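**Student:** Given chain A's structure and the hints, the job is docking chain R onto it.
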Amino acid sequence: MIEFRNVHKSFGPQKVLDDVTLTIPKGQTTVIIGPSGTGKSVFIKLLVGLLKPDQGQIFIGDTEITKMRERDLYEVRKKFGMLFQDGALFDSMNVAENIAFPLRQHTNKTEKEITAIVRAKLAQVGLPHAEYKFPGELSGGMRKRVGIARALALEPEIVLFDEPNSGLDPVMSDAIDKLILRMQRELGLTFIVISHDLEGTFQIADRIAMLYKSKLIAAGDAKDIRASDNPVIKQFFSRSAEGPIQVV
Amino acid sequence: MTAVVNALGGVGRAAITLLALLGRMGTFTAEIGHWLVARRPLASEVLTQSVRIGVHTVGILSCVLFFIGANVALVGYAIFKQFGAQEMIGIYVGLSSVIGLAPLIVGAMLGAKPGTEIAATIASMRVKEQIDALEVMAVNPYWYLIVPRLIAFLLVTPALVGFAIFACIAGGYVAAVFQLGVNPGVFMADVVRFLTFSDIWKGLIRAEVFALIACGVSCFYGFYSAPGPAGVSRAINLAVVVVSTAIVVVNYFLTELMY
Numbered sequence: 607m608i609e610f611r612n613v614h615k616s617f618g619p620q621k622v623l624d625d626v627t628l629t630i631p632k633g634q635t636t637v638i639i640g641p642s643g644t645g646k647s648v649f650i651k652l653l654v655g656l657l658k659p660d661q662g663q664i665f666i667g668d669t670e671i672t673k674m675r676e677r678d679l680y681e682v683r684k685k686f687g688m689l690f691q692d693g694a695l696f697d698s699m700n701v702a703e704n705i706a707f708p709l710r711q712h713t714n715k716t717e718k719e720i721t722a723i724v725r726a727k728l729a730q731v732g733l734p735h736a737e738y739k740f741p742g743e744l745s746g747g748m749r750k751r752v753g754i755a756r757a758l759a760l761e762p763e764i765v766l767f768d769e770p771n772s773g774l775d776p777v778m779s780d781a782i783d784k785l786i787l788r789m790q791r792e793l794g795l796t797f798i799v800i801s802h803d804l805e806g807t808f809q810i811a812d813r814i815a816m817l818y819k820s821k822l823i824a825a826g827d828a829k830d831i832r833a834s835d836n837p838v839i840k841q842f843f844s845r846s847a848e849g850p851i852q853v854v
Numbered sequence: 011m012t013a014v015v016n017a018l019g020g021v022g023r024a025a026i027t028l029l030a031l032l033g034r035m036g037t038f039t040a041e042i043g044h045w046l047v048a049r050r051p052l053a054s055e056v057l058t059q060s061v062r063i064g065v066h067t068v069g070i071l072s073c074v075l076f077f078i079g080a081n082v083a084l085v086g087y088a089i090f091k092q093f094g095a096q097e098m099i100g101i102y103v104g105l106s107s108v109i110g111l112a113p114l115i116v117g118a119m120l121g122a123k124p125g126t127e128i129a130a131t132i133a134s135m136r137v138k139e140q141i142d143a144l145e146v147m148a149v150n151p152y153w154y155l156i157v158p159r160l161i162a163f164l165l166v167t168p169a170l171v172g173f174a175i176f177a178c179i180a181g182g183y184v185a186a187v188f189q190l191g192v193n194p195g196v197f198m199a200d201v202v203r204f205l206t207f208s209d210i211w212k213g214l215i216r217a218e219v220f221a222l223i224a225c226g227v228s229c230f231y232g233f234y235s236a237p238g239p240a241g242v243s244r245a246i247n248l249a250v251v252v253v254s255t256a257i258v259v260v261n262y263f264l265t266e267l268m269y
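From first to last, the protein sequence lines stand for chains A and R.
Under the working numbering, the first residue of the first sequence carries the number 607, and numbering increases by one thereafter.
Under the working numbering, the first residue of the second sequence carries the number 11, and numbering increases by one thereafter.
Next up, chain A with everything else stripped away, as it sits in the complex (with noise of 0.2 Å):
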């Protein structure tokens, strides 16, 4: 289980998230949705300990990270996958040495044991023959695919997907979409999506919480996030422009 308590984040004289407290139960996917510019991406990175809060406390299971000293939080990472934007695959390294680097440096795996994991986690997000191709010969669609290879790599317990739809078209999209669906319930982890992606979020969430102005204004069972009469829930799952979200 995670959990942030009365978390507070400003960057300078502007607020970024305002007394988050919010619980994420375990083996399920929580998918974090909000306009731009509500702090769902400053969300994720207080959760892997990139960014400290300025008030406000984050466990993870029984582990509080909020003043943890950096040498302790990367052992924390360790529990962590992550499936970045755009992939963040290093531009240096083939697919395969991707995927293996997480490997390299925390397991003492022989070669032949890494390469049978690329393998298998190329198999399991269904790129078999990607293994030599280099990052920048990938489609937006296989950097992501191939992201969240690597994120699984270490079979963390906790996989976070920062805006997993972002940059494909619609059925690439969706392809992602059944993959992270699939992924979670084979594999039981607790799955934390970042999304403004409504189709994708119905599709894969089992709860959502909703950001908006810095503060969390709803959270809960996915049916009853979609059925609530929140004005500011009810505007953004009907993508109007009129209503109390502002349009900048």
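Hints listed in this document are in silico derivations from the structure and should not be mistaken for laboratory results.
In this text, all values refer to a predicted model and were calculated from it rather than measured experimentally.
Do not rely on the hints blindly, as some may be mistaken.
Only pairs whose alpha carbons sit at most 20 Å apart, straight line, appear in this in silico EDC-like list of lysine to aspartate or glutamate [to be verified]: (1) A:Lys651 x R:Asp142; (2) R:Lys138 x A:Asp697; (3) R:Lys138 x A:Glu743; (4) A:Lys673 x A:Glu737; (5) A:Lys840 x A:Asp830; (6) A:Lys673 x R:Glu41; (7) A:Lys658 x R:Asp142; (8) A:Lys685 x A:Glu792; (9) A:Lys685 x R:Glu145; (10) A:Lys632 x A:Glu792; (11) A:Lys658 x A:Asp692; (12) A:Lys673 x A:Asp692; (13) A:Lys784 x A:Asp692; (14) A:Lys684 x A:Asp660; (15) A:Lys739 x A:Glu703; (16) A:Lys651 x R:Glu139; (17) A:Lys718 x A:Asp692; (18) A:Lys685 x R:Asp142; (19) A:Lys684 x R:Asp142; (20) A:Lys673 x R:Glu145; (21) A:Lys684 x R:Asp209; (22) A:Lys685 x A:Glu609; (23) A:Lys673 x A:Glu609; (24) A:Lys840 x A:Asp827; (25) R:Lys138 x A:Glu703; (26) R:Lys138 x A:Glu609; (27) A:Lys684 x R:Glu266; (28) A:Lys658 x R:Glu41; (29) A:Lys651 x R:Glu145; (30) A:Lys685 x A:Asp668; (31) A:Lys658 x R:Glu139; (32) A:Lys739 x A:Asp780; (33) A:Lys715 x A:Asp697; (34) A:Lys821 x A:Asp660; (35) A:Lys632 x A:Glu676; (36) A:Lys651 x A:Glu676; (37) A:Lys658 x R:Glu145; (38) A:Lys715 x A:Asp692; (39) A:Lys739 x A:Asp692.
**Tutor:** Relative to the frame of chain A, chain R by itself:
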């Protein structure tokens, strides 16, 4: 009154920016110092970087220093001729190569060639979230990206200085002997006549200091690159300007200190 307030505001903002920069530099240096001793660097990464830095630099460095050596011989000949000592330009070429030119140009080339490559690589890794990816994969970016490059710079520099001295003297020899008609035996004897081991050591130490500046500054601007392509190009630009300026200034103080 408003003009005074605006001016004071400008000074205040500049002071805050400078303090923030110094703070970042302090953190950056402390992190590198920590990771230099905290965990053994990846030997494969140090080797890869050493080969890349050495191989990519040695050709252009030798070429530049060959022509600089030839130019030194031409200028030296014109000066020495005024008091009839043109046969002694070997001394001038030898001493200026080892003491001054080779270490300085090695430093400048390290900043211009592998330095800009490093600034561009690390800046684009920052922009593409690859440095964040390293952190999330529990791999410290200072340890993985910067320490191996720094060690590689320091390892490769003595060899580059050797090549630089050889190329500079070779250039001087070609100009002096084939163009100006200086006796080759006299030239070579003069090249080594006043050189001491101390000169060579001092030259190497200077080059290592310049290598440290070239690598440190390039990594720093790459690591703290602003977002987007403009951020990457600004990081490269700042790296080149700061490295070249710092090397020239530090060179003066090192010369003052050593001679």
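**Student:** Against each hint, give a clear statement of whether it holds in the structure.
**Tutor:** Hints, one by one, checked against the model:
{"no.": "1", "hint": "A:Lys651 x R:Asp142", "verdict": "holds, 9 Å"}
{"no.": "2", "hint": "R:Lys138 x A:Asp697", "verdict": "holds, 10 Å"}
{"no.": "3", "hint": "R:Lys138 x A:Glu743", "verdict": "holds, 16 Å"}
{"no.": "4", "hint": "A:Lys673 x A:Glu737", "verdict": "violated, 40 Å"}
{"no.": "5", "hint": "A:Lys840 x A:Asp830", "verdict": "holds, 12 Å"}
{"no.": "6", "hint": "A:Lys673 x R:Glu41", "verdict": "holds, 19 Å"}
{"no.": "7", "hint": "A:Lys658 x R:Asp142", "verdict": "holds, 14 Å"}
{"no.": "8", "hint": "A:Lys685 x A:Glu792", "verdict": "holds, 18 Å"}
{"no.": "9", "hint": "A:Lys685 x R:Glu145", "verdict": "holds, 13 Å"}
{"no.": "10", "hint": "A:Lys632 x A:Glu792", "verdict": "holds, 15 Å"}
{"no.": "11", "hint": "A:Lys658 x A:Asp692", "verdict": "violated, 24 Å"}
{"no.": "12", "hint": "A:Lys673 x A:Asp692", "verdict": "violated, 30 Å"}
{"no.": "13", "hint": "A:Lys784 x A:Asp692", "verdict": "holds, 18 Å"}
{"no.": "14", "hint": "A:Lys684 x A:Asp660", "verdict": "violated, 24 Å"}
{"no.": "15", "hint": "A:Lys739 x A:Glu703", "verdict": "holds, 10 Å"}
{"no.": "16", "hint": "A:Lys651 x R:Glu139", "verdict": "holds, 12 Å"}
{"no.": "17", "hint": "A:Lys718 x A:Asp692", "verdict": "violated, 29 Å"}
{"no.": "18", "hint": "A:Lys685 x R:Asp142", "verdict": "holds, 16 Å"}
{"no.": "19", "hint": "A:Lys684 x R:Asp142", "verdict": "holds, 14 Å"}
{"no.": "20", "hint": "A:Lys673 x R:Glu145", "verdict": "holds, 17 Å"}
{"no.": "21", "hint": "A:Lys684 x R:Asp209", "verdict": "violated, 51 Å"}
{"no.": "22", "hint": "A:Lys685 x A:Glu609", "verdict": "holds, 15 Å"}
{"no.": "23", "hint": "A:Lys673 x A:Glu609", "verdict": "holds, 15 Å"}
{"no.": "24", "hint": "A:Lys840 x A:Asp827", "verdict": "holds, 16 Å"}
{"no.": "25", "hint": "R:Lys138 x A:Glu703", "verdict": "holds, 18 Å"}
{"no.": "26", "hint": "R:Lys138 x A:Glu609", "verdict": "violated, 29 Å"}
{"no.": "27", "hint": "A:Lys684 x R:Glu266", "verdict": "violated, 51 Å"}
{"no.": "28", "hint": "A:Lys658 x R:Glu41", "verdict": "holds, 18 Å"}
{"no.": "29", "hint": "A:Lys651 x R:Glu145", "verdict": "holds, 11 Å"}
{"no.": "30", "hint": "A:Lys685 x A:Asp668", "verdict": "holds, 13 Å"}
{"no.": "31", "hint": "A:Lys658 x R:Glu139", "verdict": "holds, 18 Å"}
{"no.": "32", "hint": "A:Lys739 x A:Asp780", "verdict": "violated, 24 Å"}
{"no.": "33", "hint": "A:Lys715 x A:Asp697", "verdict": "violated, 24 Å"}
{"no.": "34", "hint": "A:Lys821 x A:Asp660", "verdict": "holds, 15 Å"}
{"no.": "35", "hint": "A:Lys632 x A:Glu676", "verdict": "violated, 25 Å"}
{"no.": "36", "hint": "A:Lys651 x A:Glu676", "verdict": "holds, 14 Å"}
{"no.": "37", "hint": "A:Lys658 x R:Glu145", "verdict": "holds, 14 Å"}
{"no.": "38", "hint": "A:Lys715 x A:Asp692", "verdict": "violated, 28 Å"}
{"no.": "39", "hint": "A:Lys739 x A:Asp692", "verdict": "holds, 16 Å"}
When the structure is compared with the earlier hints, violations turn up for hints 4, 11, 12, 14, 17, 21, 26, 27, 32, 33, 35 and 38 and for no others.
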